[in-house]
Amino acid sequence: MAHSARRDAPELPDFSLLKRLARDQLIYLLEQLPGKKDLFIEADLMSPLDRIANVTMLKQHDVDKLYKVENTPIFSTCDQICFLIRPRIQTVKWIADTVNADKAAGKFRKYKIIFTPQKFYACETVLEEQGIYGDVSTDEWAFYLLPLDDDIISLELPEFFRDNFLEGDQRWVTTGGSALHLLHSLFGPFSKVYGIGRCAKMVYESWREQVEESEQKAQKSEIGNVFLIDRDVDFVTPLCSQVVYEGLVDDIFRIKCGCVEFGPDVTTADKSMKVMLNSQDKVFSEIRNEHFSNVFGFLSQKARNLQTAYDKRRGMDIKQMRTFVSEELKGLKQEHRLLSLHIGASESMMKKKTKQDFQELLKTEHSLLEGFDIRECITYIEEHINRQVSMIDSLRLLCLLSLTENGLLPKDYRSLKTQYLQSYGIEHLLTFANLRQLGLLVEQQPGDALTAMESKVGKLVNDKTAEKLTGAFSSLAKKSNFRALSKKLALVPKTGEEYDLRVPRDMAYVFSGAYIPLSCKLIEQVLERDGWTGLEEVTRMLNGNEFVVTASHSGADARFKTDSQRIILVMFLGGCSYSEISALRFLGREKGYKFIVLTTAIINSARLMEAMLDNHV
Amino acid sequence: MMRSKPDEDDYWNSSKCRAFTFDDDYDELSSLKESKRAVNSIRQFVVDEDEDEDDMVKVSWSGEPIGSITWSIKETASSTKQEQSFPKIDSGPSLPRQGSGYSLSSLFKAFSEPSTRNFAPELRKPKSEYKDYVSDWSPEETVKRMQRGKFCSLETFRSLKDKMQLLDQAVCANDGNVITAVCTHVFLQKYFLQCKLEVLSRELMSRDVALRHYIHYLKEMGEQKLLVELFKSLGRTEDMALLQYREHLSIKDEVRRKEYLKSCISLPFPPDDAGHVQDHYTLLERQIIIEANDKHLENKGQVEVFKKHPRKASILNMPIITTLYYSCLQFPFKLSLTLPSTISEKQYLLTALSARAKLKEWLDVGSLFTTKNWLGYTKKRSPIGFHRVVDILHKNNAPAQVLQEYVCLVEDPNLKISLAQKYKCHDIVIDMYKDQKDRQQLIVYQGKVERGSPEDKKIQDILNNTQIRWKN
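Those protein sequence lines, which keep their order, are chains D and F.
Position one of the first sequence corresponds to residue 1 (my numbering), numbered consecutively onward.
Position one of the second sequence corresponds to residue 618 (my numbering), numbered consecutively onward.
So that you can see chain F by itself, here it is in the shape it has in the complex (with noise of 0.2 Å):
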């Protein structure tokens, strides 16, 4: 993938599109690139006089600057990789879980412990503080005590009129904190427990806001079973759907993920997204099997791609188009069989393409391209531009005449024009301009071209040729 420099002032310089141009000016590159060499040159004589290093800002100059909190951090795990494993400490289900529903009283009681704000002295203590306990808070003063994080029982809002009533209130106040520990009082756990769901989702469905707090609450606490079954009640398939088929991704081994992923098509999705997941089923389904193969063949070391191309990476998990990338670069032509889903042509072409391309096979890539007309003229056509095309096989290395073949393919000739002086494809360019009539032009060209060369001399001949009509 290396690129000549000139190649790149090149481009930058042949470019089309010069409205809205990111710099147009090859002077100002070469211009940047003596300054370099400049600047370079000087640091020379600049390090034999520099005696003081740390002059320039501590914190931040050398790599990790010493007595920054993120370098002492660095050392402190560099000297503890030395020392013994730990016993792996089973997280979750092992762990006794204690504690009880969702008490508010301890927790908010702990916020009342003698306030830590010393940030600002100018931040004078709020009013309200003033004021002392009472166990009959109003929705209204509940909700500013919650908010200051102080004391306060939420088990006097007992009937659902009154929680309600709390919970609107939490809403005005746009606190999210405060909404989301009122929604995890209000709807305790044994509510869904004893079914009761259809009375909160009639009460939640006119309250979106607090109903998005208390499913992001579940969702970071994963909470994935009373999500599912809020979802259920709420009558948002979709979104429960969507919530099932994300469990996939956390399960490491392929064969149940697999099964899992078929248990997913049943799901109801809407039809589009349907058809997805049954390609993803389909998908790992078949990678199994490539997978299984291929490592097999790899390990016997017969197949001649496997030695020129070892397997960096499994193709588990990866996306179609990597599959089939990964397919072509073994069997060029069979593979849509082998493919679960539609790919459109030109996503074909493109995948074959750069798998062929990387293989250097220039024959396949031709046959890529290749149609038969009815009188049996064989004729190159693509459902992708050329100068696409050309592309790639630039960024593959492809050889000089390979890219003639295919810039001259490019229809638009101010295209073909510019991709012909963009990869040296002399004689195109020599051509176009003689078949243009353009004279100024082919001096211009001239000029680019290394003295005494075949083109140098190609262009002279046609300088000379007095039979020409220049058009200038």
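For reference, chain D alone in the conformation it holds in the complex (with noise of 0.2 Å):
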């Protein structure tokens, strides 16, 4: 089950000294406020506090109570406040009228913000606004990377994706740079960057205009390749339902900062659990990136071979048996105890997809990412709208059909526009509204003759009546070419050919044979020729924005050099999905690279939609 891994894969990098870093910098602010204070934290900032400091750290340094921002009044009696959040309107709006209240009640008291991981400008307005600039000093906290895992570090911000791809607000992309900047000092020098799409090129710059203006002291390279990789270039990916364990527990259970509550029916107990999975939990190291249906056969081949271990203590002597409980029988505790949880998540994942007929959705998807059948998938997903199941996994099949088949004919698209607002209420006339503006979820234009007049138009900017022909032409410039893509970059496998998940012989293997990710395979081709040369037509096709450059600086030693060239990290602007981090270790596997996953956040198609409705206040 384990592969077996190149022998020569060089080792990575030590991430520790992030949480580290992350750690003092905070002690060092909360110090910034001596005496009492108490601290408020923004709800979604919790978990990732939690994996790199704990309360006994904070009461050190003179934090008496811990609150979460619930926007409600506060109850806090201390005479200092101090707030930690992130740098949104409505969370500073909240604290601006706390802070007034107070005023009001005649009430005084020291209050510092920290924004993390940095503060906005459209923040201290909100402050100046409401006449409280001031009155509360606030700093930055460059908590900038949360390692996950040895080979995952995440910006925790899911909030990247909608702000950069939707909204157009590159507010961000100063954070991409400095995390890719902070990753550089500690860990580079960086040798090569590759990269595509527009926010990419931007965080590129970023950084780039980082280096220069600080100096990078002499040190072996541990990373020597960087990949940028903006999530609007492959949708498709994030949009499939995942098979590999990893994935599917995120999809099913949601993993949350790296961690997991398994409910009463995955623990046999009457209380559920929050378990941390990572590369520390042996069992699930093993099956994480394994096909679904590999994993019964593991679990049940790791569950007799421990009861044969446990079986070895019959008829042992005493000093035997001294020695087994002082050597083994911990490890095979903690191992039974782990197995028997992974196990219940199993049957449970197991049960919870067969109650929604998951053989025939992945049977849609499939047909879908094959344009195979595409009037009966869209009978499918029709029923799937009339019959109320999941407003989300509706939504997503419906992106799906549109990124596949280069968005729906107008017939089609009205039509199941009007059934889904039927079935899941008329405001998300507002969702559908994003989804065309980010290429989502579009109407087919009628043919090419209108690309040829894009260029003229272009001219005509000032004219009212071309503004809204452009933004026609902006849709249409978002086609997706999913289908010649799959044809030239051989996503798909043909038809016929017997996959054995078991053996997986390329990326497909994370959704079952079907499909090979695209952001996945745009990486390995990339890396395969060292840049973009031989994929005209493919970058042509992703709307541009593909750069190679190669850093001046040289020297090192030759040996350590080869190493870190090939540890490579993968930065995805927007997010990354489980089943793409499996597939690249897969890919790492097969040439002897380490990937190391930098992403704004963990997504999955549940969040990916989420991030587009826009039915609550």
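Calculated from the structure, these hints are not laboratory results.
Fair warning: there could be bad hints in the mix.
In silico DSS-like pairs for lysine-lysine, Cα to Cα no more than 25 Å straight-line [stated by the list, open to error]: (1) D:K112 x F:K767; (2) D:K352 x F:K767; (3) F:K963 x F:K997; (4) F:K977 x D:K355; (5) F:K767 x D:K355.
Okay, the calculated bits of chain F under chain D, using three or more residues with CB under 8 Å as the criterion [claimed, not checked]: (6) 779 to 793; (7) 822 to 831; (8) 892 to 903; (9) 963 to 977.
Think of the CB as a built atom: it goes at the ideal place given N, C-alpha and C, for glycine as much as any other residue.
Dock the two chains into a complex; use the hints.
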């Protein structure tokens, strides 16, 4: 089951340093507000904070009580309050209300806002507008990078995706550049940077400027190459159902910050349990990248081995027993606990998936990827909608249909949209507008005649009608070209061939052998060719913005350089899925690379779709 | 909805689409179950020997690891709950709105406070920090300084041309935070108020990046009116309409919400969407009537349906299909009349079917599909596949004969036989194999039915029948 790694695969750098740095800086910031203080923490910062600090540490630095930011009046009696928040206007407005309420009640306290990873102009405008600028001191905690595992680092910024791709707000570009800069100064120098996407280019630029302004001290490079990729280069992959163990766990139970909460149905106890899922879990680390259908066999085998190991006790004399208890039992008990947990999880997932007719869903997805039986797929999606099965799943299927078919026929678009609104609520008009804006769900445009006109119209931008026209074009420009790309890059294996999921032959195994993730295939191709040469047609279909840059510096001893060359940092701007991480791990084993995934957040189809919803205030 | 285990196993096996099958091995699941039993049985003696519970990773294993921040916050939360509740603070309007127009000078002064970026010791201070203060910065220098979060005044950019140069420079720098800051300076509110929108929107047309930042900023700040004006002057009427329509979500009172939706109908939507908004209004109008009526009926306690199936939630603001379903629970066949929108036959059927099946009105279910032909014979037909019908009936725990009746109606023989096997409609399976003269399959199937059961006997009789010419 565990694939034998190529023996010469290089070691990964030790990222625990990142945690230490973040922790030290936080302590420093807390000490800037001497004396007792209450600390209010933004809800989605709690888990990341848990990964790097604990209550004892906070208490040592005079934090009295901890609260979650909840947009309700506060209870604190402390005369110093510290807010640890993301730079969000909503939260700052709430803080302003809190401060103003104190003022009105004649209560005087010291306030400090620590923005992480940085503050935004708009947040300070709120402080100014609400008349509390100056009453509140502000600071920045540059906590950019949270290592979730040996090979996964997350910025934990799910809003990056919507802000950047839907709203067109580039506020996180510098953040991305700074994150990269931090890694560069600790584990670099990088010698080569590949990338594709508009945001990737900007992040690269931001990073480059920061490098220019600082001095890199001479050090051995631990990470040689970097690959930057925008999420909108490949929307298809994160919208597919995940069938690799880790991805499936994320789809069903939602892994949050590397941690999952298993309910009583999994733990077979009466309460649920939070479990860290990473390479420290010996059972998990062996099944995380496996296709789900292999997991049963593996777990059964493990269970048998465990039984045998326990059975050894029988017929032992006292001395042997003592050795057994001191040397083996502890390990066995731990393994036993993990094993029963993952068996429970597998069983529960199996049940859930059977209930929702997972087979049929997968079959539809695969047909869409293949471009086969599209009418049948539409009928399936239609019934899915009519029966009011999961709102998110219906939306996801519609997007997959649009992406793979280069948009829906106007007739289908109209009818499916109407039925969707009837089943899930008319306010989803807003959702459809967002999806169209992003190019995830669009109507087919009538042919190439428009494209030819596009350049002409470009010169007439001052004309209002022309502006409207370019609007139409820009959605045209977002054409996904999936079918052509799939053909060019051979993403969908020929039908009829047997695919043995036990012995995967390519990255397609992460989708049952039906599809090689586009994002990962691009990375594979670019690394193989050491650039984009020969991929011109592909990049044209992906709207260009590809680049490759080699550093001018050289030096360092040759042996080390070659090692670091095979360590590749892949930065996903807008998030990546566990299936993509599994695919890259597979690629690494095959080619002797080690991939480090740096992502703005871990996403899956549900999170991606939820980011598009607008039906809450 | 309880499905027995063998059923599930059976389904995974019998499923037709084997191409990318998720799991095709019956043995594996059963062996997994065995493993589970084995592991669970081990547990008992493990627990006996288990004295040091916490030899596991401390932070991660117990439900809420003690000492974790999440845990601690829950503690504070529960301890503060006993305290007295607070007077509610009215947010927004009642608070004094001090503060100036967007004076950036004060803002960026704040950025220049002694830097606390002692983060990575390896990171040296930017070289540019050694420059001193000069008031007349070029657009390029200004943007650079803003990116570093340093003091700089934007007041010197006064002519429209200067402003636009500054804006373009900010866009070139790709820093969204700076773009927003410059935007708010360039498009000072007074410009809007003095109807200079025309001028600005002309400049903005060709500056898409800046425009999107500004729009997002206004959205986040809740500057609804300004946004509407901006969209209007940009000629983006559809965006304007959607923005105004979105407001209905913040209206809690259903009558006011209904009135607001009514006013949305005339917004410049594209024709299709205008129809949807009209539907939205009509739907809520009907729902308000239904809700008032049914609440009354339920309270009087005379309606059978409400006794059997008490209303769990109000019907207000539910989607059309949910409303249809709700109505189908009471009046199965008069429905299309009370609905505002064109519902397809298929949608109606699926919904009515689910509703009647839920009430276990199997006769009603039958009448949904019955049609008479010109000779007066009745026939069952359906706009959705009968395999789907069977599935819905099964999910509503329909009895075996009902299921059998509809399995019979499935046209595709392969699908029919696999469904019959899945739902244990033995007669159908046996008859089909008999018709296909498939002796081998029949023998295999005999192994799956209970020994000595009527099915078993039936198969035996067929197998003993010498009249049949078996194909194998």
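Which numbered conditions among the earlier hints are violated in the structure presented, ordered from lowest to highest?
When the structure is compared with the hints, numbers 2 and 5 turn out to be violated.
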